[in-house]
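Engineer: Okay, here's what each chain looks like letter by letter:
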Amino acid sequence: MAKADRRRRAAGGPFFRLILEQYSILILVIAASAAFALFNPRFLTLENLINLSRQIVPMGLLALGASFVLIGGNLDLSAGVGATVCGAALGVTFVVTKNVALAFLVGIVTGLAIGTVNALFIAKAGFGSVIVTLAVMTILQGGIQLLLAGRIVFLSHPLFAFISRGTVAGIPFTFLVLVAFFLLAWYLLNQTKFGVHLYAAGGNRRIAEVVGIRIQRVHFLTFVISGLLMSVSGIVLVSRLALISPNLSGFPLLLNGVSAAVIGGISVTGGRGNAGGVFLGIIFIGVVSNAINFLNVTPEAQDLFRGLLVVFALIFQQLTIRRRLPAGSASGAGTGGAAGVKEVKGEL
Amino acid sequence: MKGLRLVIMVALIGLVALSLGFARGNRPEREGTAAPEKPVVGAVMVDITNPFFVQVMQGGNTMGEALDVEIIWKSSEGSLEKQLALIESFIEQEVDCIWVDPLDPEAVKPPIRKALAAGIPTVTGANLVEVPGNVSTPFPSYDAFYQLTGMIAAYLGNEGSVVYMSGIPGNWILDQYQAGFEDGMKRFPDIDILSIQPAKMDPALAAQIMESWLTTYPKGSLDAVVFTTDPDMYAAIEAMKNAGRAGEFALFSQNGDLPAVEMIENGENGVKIDLLSHGIRIGAFNLMVAARLAKGEKFPEVLWFQYAPVMTEATWDKIVAAGYRKDVQKGDPFSEDYITPERAKEVIADAASEFSDWQPPK
Chain D
2 MAKADRRRRA
12 AGGPFFRLIL
22 EQYSILILVI
32 AASAAFALFN
42 PRFLTLENLI
52 NLSRQIVPMG
62 LLALGASFVL
72 IGGNLDLSAG
82 VGATVCGAAL
92 GVTFVVTKNV
102 ALAFLVGIVT
112 GLAIGTVNAL
122 FIAKAGFGSV
132 IVTLAVMTIL
142 QGGIQLLLAG
152 RIVFLSHPLF
162 AFISRGTVAG
172 IPFTFLVLVA
182 FFLLAWYLLN
192 QTKFGVHLYA
202 AGGNRRIAEV
212 VGIRIQRVHF
222 LTFVISGLLM
232 SVSGIVLVSR
242 LALISPNLSG
252 FPLLLNGVSA
262 AVIGGISVTG
272 GRGNAGGVFL
282 GIIFIGVVSN
292 AINFLNVTPE
302 AQDLFRGLLV
312 VFALIFQQLT
322 IRRRLPAGSA
332 SGAGTGGAAG
342 VKEVKGEL
Chain A
180 MKGLRLVIMV
190 ALIGLVALSL
200 GFARGNRPER
210 EGTAAPEKPV
220 VGAVMVDITN
230 PFFVQVMQGG
240 NTMGEALDVE
250 IIWKSSEGSL
260 EKQLALIESF
270 IEQEVDCIWV
280 DPLDPEAVKP
290 PIRKALAAGI
300 PTVTGANLVE
310 VPGNVSTPFP
320 SYDAFYQLTG
330 MIAAYLGNEG
340 SVVYMSGIPG
350 NWILDQYQAG
360 FEDGMKRFPD
370 IDILSIQPAK
380 MDPALAAQIM
390 ESWLTTYPKG
400 SLDAVVFTTD
410 PDMYAAIEAM
420 KNAGRAGEFA
430 LFSQNGDLPA
440 VEMIENGENG
450 VKIDLLSHGI
460 RIGAFNLMVA
470 ARLAKGEKFP
480 EVLWFQYAPV
490 MTEATWDKIV
500 AAGYRKDVQK
510 GDPFSEDYIT
520 PERAKEVIAD
530 AASEFSDWQP
540 PK
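The listed protein sequences derive, respectively, from chains D and A.
Numbers given in the numbering used here equal positions in the first sequence, counted from 1, plus 1.
Numbers given in the numbering used here equal positions in the second sequence, counted from 1, plus 179.
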């Protein structure tokens, strides 16, 4: 008991620990932003914050899709390239037909199709998610080359311009779309049976099956959701740039999205995490990427700088999450079966 | 579930067979389809997905038709091991010439020597690969951007602030552009380089960098933006438009893409000078060298591929009046002092005619 007391006093007391555990990611974001603003005060100007809110949208949508898949205990490596394929499909359709509504429909349907293909292979046929989505990613990379034949295609339509730079009450439209999707995700994860089943399926598949949860259906839906979100991400991306190019950032987008999800508290082993944490995670990643340009970090050091910050954030976040877990529950992955499901839901 | 897996496996086998059939239709094969007299050039590219390399292939194919040679295109997919293996494969196939775009000019030396020992002439594009008998067609990238800085400085009246959007750190050609830019700018102490950021040839990153610069440097504090490649410039222009600042700066770039050339011609978005390299020209030039080597002709071991600065006559007059003079360092990077956008469009459209009667400088 004395040892525990000493540890608590050394950690600054129970109130400080509580703040750290519940708001670790928010503390990270604020601390990072304050630090970067010290080096360049223009970092925290309204103009830059608006830029940042636009920049995080494509990555944020992918992070949200990745979260659903990760909570279910899987991984979708095809999301980044999938987003660029959806954007390319939209762009090519628009250029050929001049019909923007049809182009958007094709973009969305492409994402849903990719998600459904992943879902069929993984959820229905039982293949591993890493290898399937890796293979799908490779196929999509080839597909985009065939589709574009190395060309850059320019997009010009008022709707793309609105998506790119439109605002509602001064807030970028795309950021509002991101927030809307996050609110929807929060609802799905916290207020629906699907959310409970998803956490259970990711936390302990065997127990979830025993209690009657339809694991296949749950996993199927997560990949379809990921497909939908990759299509919206691709639409936002190509609208922002007003062009489609074979060089569009597919894999870096995925890497940043998954990093944001994990920093936001999503467990890579499944069964844990929440939408709010992911939202803060994407803000953190966005702040770091934005700051690299603002701080004029030399080109040679940029990847090192970004990598070190992400590792620091992961360690910081993991240390605080470990403190939150009940004794004997090292991974927090709901090992208590139904009790574990309740515990996981209680964290939300 | 087992039944579904079986169906999926059969469908996949069918798809693979289909894709093989489709792929074979796009690549000429030597055995059984080629006329025996037609020389065959084996071309090993860094990749074939980047728009630049697609242009290279277009130019190569056009020149190949003009010179009546067959080309087998292969992609290294950015992998050095794969590139070396592809060269070895072409040696085994006994092609008439091997054209390589090396990922590493040192690492390709052993297979190049092996090819030459087997009696197969070699061309190494974009890099200087010093192997006796090998023909290198390097880009004078350092010199090109060194000269460009002289043009930029003259355009700005030898004072002002510029930013530079570089390429992929570690890529030799792109690093040479940056080195030429930095060294060239040292000649003009009243021009400040405010920032150098790598866009890594990613338009999304280019847009993000431009947004940061627009926020960091308010109106009046930045005079010019220099790009390594045109696609980065297009994305950056979109960011400028979003911020309501398109046309505020003078823009300078490299590639000579048609949209960029038209922006210069029409006075749009502040684009002033674009160094015409263009994948189509590069492909046509290298294939011309490879085809003529395959037919037994001899060339000097270094043939510098030359750029052409695209600008309007008004811009040329302005920079000359401001004191611009060519200051050659390692080699003259330009085929002409400048070319107009109209001429640039003709050159891009008909690269085969530009090089079909080309002779090496004496």
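Read the hints as simulated data drawn from the structure, not as lab findings.
Wrong hints could be hidden among the right ones.
[To be verified] Okay, the calculated bits of chain A under chain D, using three or more residues with CB under 8 Å as the criterion:
no., stretch
1, 223-230
2, 368-379
[Said to hold, decoys possible] Residues of chain D placed beyond 10 Å of chain A at every Cβ, according to the derived structure:
no., residue
3, A38
4, P59
5, R152
6, F195
7, L244
[Stated by the list, open to error] Cβ-Cβ distance ranges computed for the label pairs, FRET-style:
no., chain 1, residue 1, chain 2, residue 2, range
8, D, L309, A, F478, 24 to 32 Å
9, D, V269, A, I347, 47 to 55 Å
10, A, L437, D, T299, 32 to 40 Å
11, A, L437, D, G171, 35 to 43 Å
12, A, K420, D, K194, 29 to 37 Å
13, A, G257, D, F313, 25 to 33 Å
14, D, V269, A, S535, 55 to 63 Å
15, A, W537, D, V169, 29 to 37 Å
16, A, E244, D, G171, 41 to 49 Å
Each residue gets a CB set at the ideal place from its N, CA and C atoms; glycine is no exception.
Engineer: With reference to the structure, classify each hint as holding or not holding.
Structural biologist: Here's how the hints hold up against the structure:
1. 223-230: Coverage by chain D holds here, the residue count being 4 at a Cβ distance below 8 Å.
2. 368-379: Holds, because 4 residues of the stretch 368-379 of chain A bring their Cβ atoms closer than 8 Å to Cβ atoms of chain D.
3. A38: Non-interface label on A38(D) holds, nearest chain A Cβ at 13 Å vs cutoff 10 Å.
4. P59: For P59(D), whose nearest Cβ neighbour in chain A is about 8 Å away, the distance does not exceed 10 Å, so it is violated.
5. R152: Label violated. Min Cβ-Cβ 6 Å, cutoff 10 Å.
6. F195: 22 Å, holds
7. L244: With a cut-off of 10 Å, L244(D) comes too close to chain A, as the shortest Cβ separation is near 6 Å.
8. L309(D) / F478(A): 24 to 32 Å: Hint violated: Cβ distance 49 Å, outside 24 to 32 Å.
9. V269(D) / I347(A): 47 to 55 Å: 29 Å, violated
10. L437(A) / T299(D): 32 to 40 Å: 34 Å, holds
11. L437(A) / G171(D): 35 to 43 Å: 38 Å, holds
12. K420(A) / K194(D): 29 to 37 Å: 47 Å, violated
13. G257(A) / F313(D): 25 to 33 Å: 30 Å, holds
14. V269(D) / S535(A): 55 to 63 Å: Given range 55 to 63 Å: holds, Cβ gap about 58 Å.
15. W537(A) / V169(D): 29 to 37 Å: At 58 Å between Cβs, range violated.
16. E244(A) / G171(D): 41 to 49 Å: The hinted range 41 to 49 Å is violated for E244(A) and G171(D), with Cβ atoms some 57 Å apart.
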